[in-house]
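Novice: Read off the chains here:
Protein chains: 4
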Amino acid sequence: MSMMSFAPSHSDKFAFGVWCVTNAGRDPFGDATRKPMPAMQAIRGLGERNVWGFEFHDNDVFPLGASAAQVRKIVRDVRAIMADTGICCCSGTTNLFFHPVFKDGAFTSHDPQIRAYAVHKVMHAIDLAAELGAQNFLFWGGREGAEVDAAKDPIEAIRRFREAMNFLCAYVRQNKYKMTFTIEPKPNEPRGDLYMPSVGNALAFIETLDPPNRAMVGVNPEVAHIKMAGLNPYHEYGQALEAGKLFELHLNDQKPVRYDQDLTFGSASLKESFFIVKLMVDHKFAGIKAFDAHAYRSEDIDGVWDFVERNMRTYKILEEKAYEARANRDLSALLEEIQAGNKAYEKLFTKYSPAAVRKLKALKFDPDKMATGRRLAYEKLDQILTEILLGIR
Amino acid sequence: MSMMSFAPSHSDKFAFGVWCVTNAGRDPFGDATRKPMPAMQAIRGLGERNVWGFEFHDNDVFPLGASAAQVRKIVRDVRAIMADTGICCCSGTTNLFFHPVFKDGAFTSHDPQIRAYAVHKVMHAIDLAAELGAQNFLFWGGREGAEVDAAKDPIEAIRRFREAMNFLCAYVRQNKYKMTFTIEPKPNEPRGDLYMPSVGNALAFIETLDPPNRAMVGVNPEVAHIKMAGLNPYHEYGQALEAGKLFELHLNDQKPVRYDQDLTFGSASLKESFFIVKLMVDHKFAGIKAFDAHAYRSEDIDGVWDFVERNMRTYKILEEKAYEARANRDLSALLEEIQAGNKAYEKLFTKYSPAAVRKLKALKFDPDKMATGRRLAYEKLDQILTEILLGIR
Amino acid sequence: MSMMSFAPSHSDKFAFGVWCVTNAGRDPFGDATRKPMPAMQAIRGLGERNVWGFEFHDNDVFPLGASAAQVRKIVRDVRAIMADTGICCCSGTTNLFFHPVFKDGAFTSHDPQIRAYAVHKVMHAIDLAAELGAQNFLFWGGREGAEVDAAKDPIEAIRRFREAMNFLCAYVRQNKYKMTFTIEPKPNEPRGDLYMPSVGNALAFIETLDPPNRAMVGVNPEVAHIKMAGLNPYHEYGQALEAGKLFELHLNDQKPVRYDQDLTFGSASLKESFFIVKLMVDHKFAGIKAFDAHAYRSEDIDGVWDFVERNMRTYKILEEKAYEARANRDLSALLEEIQAGNKAYEKLFTKYSPAAVRKLKALKFDPDKMATGRRLAYEKLDQILTEILLGIR
Amino acid sequence: MSMMSFAPSHSDKFAFGVWCVTNAGRDPFGDATRKPMPAMQAIRGLGERNVWGFEFHDNDVFPLGASAAQVRKIVRDVRAIMADTGICCCSGTTNLFFHPVFKDGAFTSHDPQIRAYAVHKVMHAIDLAAELGAQNFLFWGGREGAEVDAAKDPIEAIRRFREAMNFLCAYVRQNKYKMTFTIEPKPNEPRGDLYMPSVGNALAFIETLDPPNRAMVGVNPEVAHIKMAGLNPYHEYGQALEAGKLFELHLNDQKPVRYDQDLTFGSASLKESFFIVKLMVDHKFAGIKAFDAHAYRSEDIDGVWDFVERNMRTYKILEEKAYEARANRDLSALLEEIQAGNKAYEKLFTKYSPAAVRKLKALKFDPDKMATGRRLAYEKLDQILTEILLGIR
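Chains as they are written, first to last, in the numbering used here: chain H, 6 to 398; chain X, 6 to 398; chain U, 6 to 398; chain Y, 6 to 398.
Simulated from the structure, these hints should not be mistaken for laboratory data. Misleading hints may appear alongside valid ones.
For chains that are exact copies, the list does not tell them apart, and a pair is met inside one copy or across any two.
Calculated cross-link-like contacts (lysine to aspartate or glutamate; reagent style DMTMM-like; alpha-carbon spacing at most 25 Å) [what the hints assert, rightly or not]:
#1 Lys289 x Glu168
#2 Lys78 x Asp132
#3 Lys352 x Asp215
#4 Lys289 x Asp158
#5 Lys348 x Glu324
#6 Lys321 x Asp335
#7 Lys369 x Asp36
#8 Lys352 x Asp82
#9 Lys348 x Glu168
#10 Lys40 x Asp373
#11 Lys348 x Asp82
#12 Lys356 x Asp215
All chains, full assembly: derive it from the sequences and hints.
Specialist: What follows is the structure in structure tokens.
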């Protein structure tokens with residue numbers, strides 16, 4: 006394995022947010038540590054490193070209030086870089102959190118003018134994303150939340166969010182943009198609590214959209230956001246995938262249940278990261294694999310590119326480990342034993358019928374005997390997997 | 006306010022799990038501290054204290070392996086207590102977690118025989134619950150989870166869970182039982198991670214059931230379980246309510262992000278508890294308000310009844326506070342100011358049409374001006390609310 | 006109680022950090038929402054509101070690189086405000102976290118030049134604090150931590166921290182400044198993990214300073230920082246107080262185990278805040294009660310002053326509640342019962358002697374009987390306290 | 006590396022609690038899943054697997070209320086197993102948490118009789134531990150905490166704890182037992198909050214014991230307990246080691262900030278576990294390395310022994326990785342660069358003197374230049390380390 010290059014190729018469908026690369030290292034207690042890299046340089050640098058796609062907030066690339074001429078010029082410049090390097094624009098999104106106007110929410114603001122401005126801003130951002138060929142458009146409701154629950158009924162907030170999403174879905178459909186939407190959940194920060202805290206909340210919300218809109222909306226869960234609620238990313242990505250709603254990944258890492266760290270993928274927990282990759286391998290995930298992280302604040306510009314490269318490299322290493330695990334005979338033999346069961350009882354309740362009920366109700370079970378009939382050698386299993394990860398099997 | 010009695014009445018629709026009262030104080034590091042109270046005594050005691058309903062796991066009331074004759078005798082005894090005291094049986098559920106047979110899951114076990122036994126056990130429990138008149142049947146998948154993710158694909162687990170739920174929904178419908186189902190989510194404990202960790206996950210899962218089954222399945226979120234993931238109960242209950250899926254409450258309290266404490270409602274956080282009650286008042290919640298907690302392990306039997314009474318009393322006090330808050334003029338005036346906005350911009354994107362798009366896209370906005378145009382006096386608002394809670398306004 | 010004014014007076018020894026008032030609402034995802042208030046205006050405003058003292062980082066008041074003349078001018082201006090309003094300067098501190106030079110630590114940096122600069126900067130800040138009459142000097146090691154543990158041995162970090170502290174203690178002693186030092190622990194943020202994460206870690210560290218320095222160093226624990234590790238502020242403040250090391254409080258609030266929220270005191274948890282105040286009342290705490298929080302980002306300048314006032318007001322209300330609880334007869338009677346015990350066994354091991362050992366070893370105990378001999382009516386007790394807090398007893 | 010056996014030997018000083026092996030799989034929501042293994046069989050099994058030492062609670066081996074004759078018989082039996090297998094008894098401790106008598110604390114109970122019983126029980130347990138040759142005696146205050154803070158002042162609790170510890174230290178010293186004491190901190194569970202929540206709290210408490218007792222008391226921090234407060238084990242063990250107080254390790258694993266999981270060492274986080282091992286290697290830790298965990302509840306008896314073996318094996322693998330990392334040239338070269346600094350500024354404040362102050366105060370610094378003068382290639386460094394862990398470097 007040590008001989009492999011783990012170099013990324015376009016077939017990996019790796020992407021980065023422009024903001025991940027231009028990040029200047031500012032944090033709540035400290036000033037920028039790096040000069041902000043121009044967006045054009047960021048996109049070019051990603052393309053030159055074989056990254057398949059880039060994602061952008063409108064204002065990462067197009068300054069707030071840019072004139073039509075400026076916009077045209079920027080679009081031309083971006084397209085030139087895309088043509089030069091082969092990178093595509095895979096996803097767009099709207100900055101609805103940085104400007105003070107959104108300090109108490111965008112779609113969920115009490116002020117109809119602010120809500121209207123938010124939808125207006127998103128429509129323009131969608132047009133730009135469509136022009137650059139984006140296949141997905143992200144919604145992270147960074148200011149859709151509250152510190153003071155006395156001021157807003159969460160039911161009202163959800164209704165406002167839905168109104169905006171329904172309108173924007175219809176906008177995309179009517180324009181015949183080939184574009185999906187994804188919601189990115191987060192439990193808290195920068196608001197005390199955010200209204201769409203977990204993957205489940207977003208999946209459930211999607212099912213309440215107007216029926217024609219539901220199919221075009223999925224989720225792009227972020228590892229760090231999942232771990233901020235102490236949840237298991239393997240399980241959360243799993244439910245989204247099973248529901249047919251996992252359109253895009255936002256990969257990074259995080260120590261659980263603390264501030265949003267946006268660490269390099271795999272840098273905080275190798276095992277949890279491995280299971281995310283394994284899920285994608287096992288289910289042949291063909292969506293966008295975007296990294297949404299940033300380099301440590303102590304890095305200089307070279308360090309930012311080290312950061313870009315190691316995210317992809319770690320993913321590729323873990324992908325190779327997933328294939329190794331699948332090929333490992335000790336692991337397969339043990340899994341087969343663990344997953345075996347009494348075949349005589351299969352499919353007893355797969356299909357409902359009164360006969361199935363009668364049969365199942367009439368059965369006699371001996372729970373004490375069933376409890377001890379078969380070993381479940383999970384300590385052994387987990388150890389084999391651990392040793393594959395550590396490279397000694 | 007201090008003159009009020011805050012005594013419960015049946016119209017409050019308060020309920021307790023039988024297990025909450027019979028709890029003997031055992032914990033992971035210590036033995037039982039109280040003699041286990043017989044279920045009959047628990048139900049009678051609840052009824053005598055004006056509790057509207059009781060909930061039960063099959064094996065709280067009917068021992069595992071009870072004969073048909075024993076079962077009939079117990080049903081008669083329970084009915085006699087119900088007749089005597091006026092308490093109803095509002096919800097049933099199945100113990101799918103205590104016996105070692107379920108050590109690696111019930112519906113999600115790898116072993117088809119264990120899955121069949123689980124469904125068989127639930128059908129019998131449903132029959133008993135129906136016989137006692139229960140209007141709801143609870144599903145807490147206490148063992149549906151994993152410590153070792155190498156052994157089970159979460160997608161497989163979800164599919165197995167769904168198969169069981171679809172069969173059981175059909176069973177209830179075919180029997181014409183007037184009974185809903187609710188799922189109770191929990192992030193972890195006793196398993197490392199549970200597959201249905203949050204309200205959102207359960208709501209999303211319900212939408213993947215066979216279409217005829219969806220309407221009869223809702224959620225009964227527990228405060229402690231929500232806070233174990235650090236989420237906001239006001240927001241979580243809100244989303245479930247807005248989706249029409251909040252059939253029942255499981256009220257208790259918990260310090261966030263630690264082991265499952267099942268504390269008395271209101272005893273850890275007055276403000277969060279207040280907002281739960283306020284939501285129910287504001288939206289005229291008419292479902293079951295069950296307390297799922299237990300007395301401190303240091304209490305004796307008298308203390309268990311103190312515990313029962315104070316849960317209801319605290320709810321009633323907070324309900325009164327919710328009405329006080331609504332009547333408070335300082336609060337209303339401030340809320341009106343905060344919730345006001347520029348009416349000229351209302352309903353611009355309520356209904357999609359090309360004309361609405363053109364109008365909204367053409368608008369000019371001045372975000373800097375919009376950001377500072379109106380104060381949002383949340384410190385003041387939260388202080389007024391705090392002082393209402395503290396009884397000094 | 007509702008008739009009381011709860012107005013602050015100098016005898017409360019309330020203080021605010023200048024930075025709490027000048028805070029402009031910037032956060033990791035958003036720009037400033039308020040114009041930064043000049044420090045002079047902040048200090049004057051605090052003084053005018055009967056705040057006893059202010060605290061400052063060197064660069065809150067004295068710009069980095071200010072000339073000697075500028076410094077003299079500023080000192081004069083501050084003193085004029087102090088004379089006008091009666092506010093004192095109670096505590097100083099050094100900004101060792103904002104400038105990129107400290108991006109990988111100040112006292113614990115790998116670079117001797119940066120460490121030297123940090124100590125140099127602190128000495129100058131101490132001189133200024135002394136000149137303004139500060140009685141305490143704070144050390145919050147905001148950048149003393151790591152994301153990448155491969156780079157630094159924590160033992161080396163502790164040694165560097167100690168070297169700096171020993172030197173600075175000696176500096177204060179030699180200058181005969183009447184000034185104590187306090188360390189402010191924090192578990193994480195802005196660094197992945199900080200080296201002095203809890204009150205205990207700081208107290209233990211202090212005992213490893215050079216003997217003549219130990220007495221002058223204590224702690225100023227912050228509520229939010231305690232709750233970020235999920236710990237109980239009542240217990241943490243208690244241990245510091247018992248050790249004679251609680252020189253100053255940093256009061257605010259926080260939902261547990263998430264990003265640093267710096268909320269208004271009492272706004273997240275009334276009960277935990279009450280117990281902090283009760284501890285101070287019960288033990289006649291005479292140190293500095295500083296608030297280290299900031300107004301919600303959505304507030305304007307008026308809202309900042311609302312915020313200032315409500316922190317003190319809530320403290321005073323809870324202080325009144327502590328006296329009420331002490332005077333409540335139901336509570337006292339129950340406490341007396343709970344705290345009673347078998348007096349015959351008192352003082353058996355207060356003083357070590359072979360006779361005491363013989364006596365204690367020879368005793369016969371009946372644990373089963375002892376376990377059930379006395380009720381511990383904690384549900385009742387907690388309910389009485391809850392109702393005192395809610396103002397209905 | 007894959008050729009190595011990673012087999013334990015006595016020089017590793019590995020130990021297990023007897024309770025870790027006899028654990029029958031009971032949890033808060035479920036019954037025992039395994040027959041409780043007799044203590045003798047557990048000790049023998051450990052000895053046969055080359056474990057160096059065992060630890061025991063008095064009642065793991067000696068039933069509560071055992072007669073003097075029974076005790077003598079058990080001591081003989083244990084000694085026979087020790088002689089047969091070469092295992093030693095390294096540590097004793099007292100069960101002060103299981104019996105209901107301790108439901109509201111042992112050393113910190115309100116009842117003097119219960120406190121006396123606790124000290125009496127510890128003295129007898131110390132005698133037994135001494136007789137079996139234990140070099141350390143553990144104090145985990147499993148019931149020393151509270152759910153209801155209204156009932157107990159934490160200052161009183163600390164004083165009671167200290168009184169007991171001072172007496173017991175004197176008891177050991179007077180008996181000339183060659184035995185140290187260690188305190189094992191834990192933040193919560195089974196009590197709402199425990200009084201000695203973190204390593205720091207315990208270290209600070211030790212410094213308040215009577216002076217002759219301080220040297221004999223250290224800590225035995227448990228990984229899971231550290232992670233339940235979201236703290237960094239590398240840093241916590243580091244501070245204890247630096248203070249000369251790390252007498253024993255309690256190794257296991259845990260997902261952060263949730264219920265106490267007591268997972269196999271290394272099974273939840275490979276990287277954090279690696280740094281613990283690295284610290285012991287780097288500082289030649291010669292104390293006891295005890296594992297305090299238990300097999301998954303789903304394991305049978307064979308699985309318990311799989312569990313025992315994999316804990317030690319993982320430790321040995323990570324130890325080998327620590328040596329590999331030290332020998333890796335890429336890593337060393339980068340570390341050297343990162344740890345380099347401006348030598349001209351070394352030792353400027355190592356020793357206090359007025360001359361040192363004058364020199365340091367007079368220096369001119371250019372923070373902007375210092376901030377950018379040297380790269381800190383932490384992304385690269387962490388990636389090299391990650392790849393060593395993954396076995397591909």
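Novice: None of the hints should be skipped; say for each whether it holds.
Specialist: Quick rundown of the hints versus the structure:
1. Lys289 x Glu168: between (34 Å within a copy, 24 Å between copies)
2. Lys78 x Asp132: Answer is within: at 15 Å inside a copy they meet the 25 Å cutoff, but 55 Å across does not.
3. Lys352 x Asp215: between (36 Å within a copy, 17 Å between copies)
4. Lys289 x Asp158: For Lys289 and Asp158, the Cα distance is within 25 Å only across copies (14 Å; inside one copy 41 Å).
5. Lys348 x Glu324: neither (33 Å within a copy, 44 Å between copies)
6. Lys321 x Asp335: both (23 Å within a copy, 21 Å between copies)
7. Lys369 x Asp36: between (69 Å within a copy, 22 Å between copies)
8. Lys352 x Asp82: For Lys352 and Asp82, neither the intra-copy (59 Å) nor the inter-copy (38 Å) Cα distance is at most 25 Å.
9. Lys348 x Glu168: Close across copies (17 Å), not inside one copy (50 Å); limit 25 Å.
10. Lys40 x Asp373: between (67 Å within a copy, 13 Å between copies)
11. Lys348 x Asp82: The answer is neither: 62 Å in one copy and 41 Å across copies each exceed 25 Å.
12. Lys356 x Asp215: between (31 Å within a copy, 11 Å between copies)
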